[in-house]
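A.B. asks: Please take these sequences and the hints and turn them into a complete structure.
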Amino acid sequence: MIMGKKVVVLTGSPHQNGTSEKLADAFIKGAEAKHTIYRFDAGKRADDLHYLKVSPEETTIHEDDVVSQEVLPQLVKADVVVFCTSLYYYGINAQLKAVIDRFYEFNHELKENKTVYVLITGNSDGDRNSQAYQPLTSYFDQLCRYMRWDKKGEVLAADASDKAKLTQHIKEATQLGQTI
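The opening residue of the sequence shown carries number 1 in the UniProt record's numbering; numbering runs sequentially from there.
To be clear, the hints were calculated from the coordinates, so they are not data collected in a lab.
Any given hint could turn out to be false.
Quick list of the computed label-pair ranges, beta carbon to beta carbon [as the list claims (entries may be wrong)]:
| hint | residue 1 | residue 2 | range |
| --- | --- | --- | --- |
| 1 | Ser130 | Glu105 | 31 to 37 Å |
| 2 | Asp162 | Tyr89 | 20 to 26 Å |
| 3 | Gln69 | Lys111 | 19 to 25 Å |
| 4 | Tyr90 | Glu112 | 28 to 34 Å |
| 5 | Ser161 | Gly4 | 30 to 36 Å |
| 6 | Tyr88 | Arg145 | 19 to 25 Å |
| 7 | Arg148 | Pro14 | 29 to 35 Å |
| 8 | Arg145 | Thr179 | 18 to 24 Å |
In this text, a Cβ means the ideal position worked out from N, Cα and C, and glycines have one as well.
C.D. replies: The structure is reproduced here in structure tokens:
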């Protein structure tokens, strides 16, 4: 039986064997020997995602969707949350954002006592300091601040189209997973 922490990995890209998936796989490889991993690939389950309920008087589209029944209960129990996304128009992709928006349903149960890691991929000619990534990294910083979560690390693979550099970022993600 694996002891250690409960780790939830949330990915957003629908691309099979894409750069986001490779980073998530690498992080999991680094963490899985010592920790219990739950992974949800929102991009591959987009048809299973539904919108949130804003007030008690309203009803969700489906109260028994995969986010309510599977993802949110895993998040409540989690010690560690890993977000993995590609840069989409200066922000997070829609599928992962739909899952994050659903945090609202469990806001009080999710706040505090979680460690966060962020894995971001994209292509900006290798400029890790590109202004294109600032809104996305700020988004995760603000999310962590609001939820009172402790962001411990990130891999920013801004040059993911370069195979040699992607290989290095995959190593970084594996090492980051080992630090838990």
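A.B. asks: Per the hint of 20 to 26 Å, is the separation of the Cβ atoms of aspartate 162 and tyrosine 89 within bounds?
C.D. replies: 22 Å, holds
A.B. asks: Is the gap between the beta carbons of glutamine 69 and lysine 111 within 19 to 25 Å?
C.D. replies: 21 Å, holds
A.B. asks: Does the hinted range 18 to 24 Å hold for arginine 145 and threonine 179 at CB?
C.D. replies: 21 Å Cβ-Cβ, so the 18 to 24 Å window holds.
A.B. asks: Please check whether serine 130 and glutamate 105 have a Cβ separation lying inside 31 to 37 Å.
C.D. replies: With a Cβ separation near 34 Å, serine 130 and glutamate 105 satisfy 31 to 37 Å, so the hint holds.
A.B. asks: Mind checking the hinted window 30 to 36 Å against the Cβ distance between serine 161 and glycine 4?
C.D. replies: 34 Å, holds
A.B. asks: If I claimed the Cβ atoms of arginine 148 and proline 14 lie 29 to 35 Å apart, would that claim hold in this structure?
C.D. replies: Since arginine 148 and proline 14 have Cβ atoms about 31 Å apart, the given range 29 to 35 Å holds.
A.B. asks: Okay, tyrosine 88 versus arginine 145 on CB: inside 19 to 25 Å?
C.D. replies: 22 Å, holds
A.B. asks: Do tyrosine 90 and glutamate 112 keep their Cβ atoms within the hinted range of 28 to 34 Å?
C.D. replies: The hinted range 28 to 34 Å holds for tyrosine 90 and glutamate 112, with Cβ atoms some 29 Å apart.
Going down the numbered hints, you'll see the structure goes against none, and every one checks out.
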